[in-house]
Amino acid sequence: MPAMTTIIPFISPSKTPALPPLPRAALAPTICRLPLLQYRISAGFPSPADGYLEEMLDLNSYLVRNKTATFFFRVMGDSMTGANIHDGDMLVVDRSIEAKHRHIVLAVINNEYTVKRLYYHEGVIELHAENPAYAPIRFQEHEELQVWGVVVGTVSRFVV
Amino acid sequence: MTVASAIGTPQIFALVDVNNFYVSCERVFNPHLENRPVVVLSNNDGCCVARSSESREIGVKMGAPWFQLKELAQKHNIVALSSNYALYGSMSDRVMSILRDYSPNMETYSIDESFLSLNGLGGLWPSASAMGQSIRYRVRQWTGLPVCVGIGPSKTLAKLANHIAKKQPRFNGVCDLASMPSAQVDSLLANIGVNEVWGVGRRIGLQLHAAGITTIQQLRDAAPSWLRAKFGVVMERTGNELRGISCLALEEVAPPRKQIISSRSFGQLVHTLPELSESVATYMSSAAETLRRENSVCEAIQVFVQTNPFREQDPQYSKGITIPLPNVSSDTRLLVRAALFGLKRIYRPGFAYKKTGVMLIGIGPAAVQQLSLLPQHGAGDKSQRLMQVMDKLNGIYGRNTVSLFSAGSRKSWTMRRENMSPGYTTNWKDVPVAHAR
Numbered sequence: 000m001p002a003m004t005t006i007i008p009f010i011s012p013s014k015t016p017a018l019p020p021l022p023r024a025a026l027a028p029t030i031c032r033l034p035l036l037q038y039r040i041s042a043g044f045p046s047p048a049d050g051y052l053e054e055m056l057d058l059n060s061y062l063v064r065n066k067t068a069t070f071f072f073r074v075m076g077d078s079m080t081g082a083n084i085h086d087g088d089m090l091v092v093d094r095s096i097e098a099k100h101r102h103i104v105l106a107v108i109n110n111e112y113t114v115k116r117l118y119y120h121e122g123v124i125e126l127h128a129e130n131p132a133y134a135p136i137r138f139q140e141h142e143e144l145q146v147w148g149v150v151v152g153t154v155s156r157f158v159v
Numbered sequence: 000m001t002v003a004s005a006i007g008t009p010q011i012f013a014l015v016d017v018n019n020f021y022v023s024c025e026r027v028f029n030p031h032l033e034n035r036p037v038v039v040l041s042n043n044d045g046c047c048v049a050r051s052s053e054s055r056e057i058g059v060k061m062g063a064p065w066f067q068l069k070e071l072a073q074k075h076n077i078v079a080l081s082s083n084y085a086l087y088g089s090m091s092d093r094v095m096s097i098l099r100d101y102s103p104n105m106e107t108y109s110i111d112e113s114f115l116s117l118n119g120l121g122g123l124w125p126s127a128s129a130m131g132q133s134i135r136y137r138v139r140q141w142t143g144l145p146v147c148v149g150i151g152p153s154k155t156l157a158k159l160a161n162h163i164a165k166k167q168p169r170f171n172g173v174c175d176l177a178s179m180p181s182a183q184v185d186s187l188l189a190n191i192g193v194n195e196v197w198g199v200g201r202r203i204g205l206q207l208h209a210a211g212i213t214t215i216q217q218l219r220d221a222a223p224s225w226l227r228a229k230f231g232v233v234m235e236r237t238g239n240e241l242r243g244i245s246c247l248a249l250e251e252v253a254p255p256r257k258q259i260i261s262s263r264s265f266g267q268l269v270h271t272l273p274e275l276s277e278s279v280a281t282y283m284s285s286a287a288e289t290l291r292r293e294n295s296v297c298e299a300i301q302v303f304v305q306t307n308p309f310r311e312q313d314p315q316y317s318k319g320i321t322i323p324l325p326n327v328s329s330d331t332r333l334l335v336r337a338a339l340f341g342l343k344r345i346y347r348p349g350f351a352y353k354k355t356g357v358m359l360i361g362i363g364p365a366a367v368q369q370l371s372l373l374p375q376h377g378a379g380d381k382s383q384r385l386m387q388v389m390d391k392l393n394g395i396y397g398r399n400t401v402s403l404f405s406a407g408s409r410k411s412w413t414m415r416r417e418n419m420s421p422g423y424t425t426n427w428k429d430v431p432v433a434h435a436r
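Here the protein sequences come in this chain order: A and B.
For the first sequence, numbering that gives the first Met the number 0 assigns the number 0 to the initial residue and increments by one for each residue that follows.
For the second sequence, numbering that gives the first Met the number 0 assigns the number 0 to the initial residue and increments by one for each residue that follows.
Hint data in this document are derived by calculation from the structure and do not stem from the laboratory.
Every residue gets a Cβ at the ideal spot worked out from N, C-alpha and C, and that includes glycine.
A couple of the hints might just be wrong.
[Unchecked claim] Partial list, computed: chain A residues near chain B (C-beta under 7 Å):
id, residue
1, 71
2, 107
3, 120
Kindly produce the complete structure, drawing on both the sequences and the hints.
Structure, rendered in structure tokens:
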């Protein structure tokens with residue numbers, strides 16, 4: 000353990016700049032950047048532009064329209080396989096979108112979050128599965144359907 | 000505009016505040032919590048720090064120790080949750096980013112409330128209340144959180160308006176004292192106790208009562224000179240603010256910190272030096288991270304230990320020590336070394352310790368490097384790069400991915416958080432389930 004001693008500064012503190020330096024921008028750990036090659040690779044002489052990276056692709060900008068209102072949910076079950084939503088997929092749910100007929104929505108049913116296709120046409124409100132093994136849920140006039148958000152995408156990962 | 004006219008310009012503020020913030024965050028992701036009494040407990044599941052309206056109604060008091068509530072909880076089926084600060088922080092960020100769309104001038108006052116300056120924005124909305132309703136609707140729709148909006152010509156009145164919007168359902172969550180007829184303002188203020196005024200605590204409230212001031216209207220109408228003579232300049236200013244003269248400006252940038260403290264009570268009593276050392280090293284690591292985030296360095300550190308004063312049957316001991324650093328630094332390695340050096344000097348065996356903590360003192364900007372003739376410890380380019388890499392790794396892969404070995408890995412002393420909800424918005428492993436059945 001080195002001795003802990005104070006050292007009297009010989010630089011006058013009045014030289015302190017008035018403003019502290021700007022802090023580093025925070026890292027966004029969820030961003031996955033893939034380089035996009037702007038030019039097609041052709042046979043023959045390579046284009047002098049090859050290797051120039053134009054911009055980075057950000058999966059967030061592809062999947063998320065409104066970051067503030069977007070949440071992720073993990074799918075459990077097989078009732079939506081007809082809409083290519085599989086067990087274990089990650090749902091991208093946007094709360095700022097108004098649910099319309101044919102949207103895939105996240106609804107609250109019996110205190111659980113459930114993913115279904117919204118059928119809202121000519122006064123009939125139903126939630127449909129995308130799998131013939133599951134019957135639709137119909138809502139009567141006095142019943143309330145609580146839509147938590149609209150599903151705007153899914154993300155799957157494969158075992159490799 | 001000249002400075003003189005700027006001072007005379009009337010101001011207009013909005014205070015936006017999330018109702019029962021911690022409980023509301025939990026409810027967004029757990030529908031089972033709707034319409035039943037819910038409380039959120041402080042660190043170590045000690046006291047109640049947030050209550051749903053149902054819990055309030057059955058008599059749960061703010062700050063009540065949980066062990067005193069257990070009977071009531073059983074009777075009414077109260078759900079008690081440990082605080083999940085990662086969740087609350089991420090939901091707070093969402094709310095604040097929505098609010099930033101409404102006004103370029105905003106002061107984030109706490110995790111769940113913000114002041115907005117509405118100066119010059121009047122033309123964008125039919126009325127301030129219409130803007131308030133839009134904020135309420137959008138925050139609710141986008142995040143699931145309920146907010147109330149108070150509007151007034153001073154921060155104190157905006158805060159009061161928010162209180163009124165919360166307590167009186169007829170306002171539908173938005174109360175604008177700035178454009179309310181004065182007779183209506185008078186009758187509102189005559190019916191609210193002076194303790195509800197921003198900055199009037201219980202103690203000052205008692206003094207005001209003793210001087211015959213019980214309602215907010217009475218405080219507002221008291222002579223400024225009398226308020227100043229009897230209660231000081233701060234109360235005079237509060238009186239002015241209540242009259243609609245704005246004295247408190249929006250603080251958009253938090254002033255740089257003078258000190259950083261990292262300390263917590265243990266989940267269970269701790270006896271040995273190795274366990275205390277682990278906790279001190281952990282707290283210091285987190286304090287050093289905060290220091291670097293603010294681009295600062297410190298000159299000295301303080302470390303303290305404390306037994307549990309509420310266990311009167313136990314021998315009591317508490318002590319702190321300040322260790323000056325050889326040079327200013329923000330290097331976790333040097334700061335932890337200094338803290339452990341201090342801890343060894345104050346540690347006494349034979350006591351049951353309840354709490355340790357560290358404090359960083361003499362904080363200044365990192366840019367001003369004081370040159371030294373002696374070799375530097377925990378300073379310079381190499382140290383800076385190492386710390387940057389450490390912070391980056393911990394930022395990407397989660398807290399404590401990389402830490403000093405002295406911070407240990409057993410952590411038998413960590414916080415008790417027995418009923419914490421998952422990191423719904425902060426951890427891929429914890430995102431909520433959507434059933435497809």
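Find the hints from earlier in the document that the structure breaks and name them by number, from lowest to highest. Of the numbered hints given earlier, the structure breaks just one, which is hint 3.
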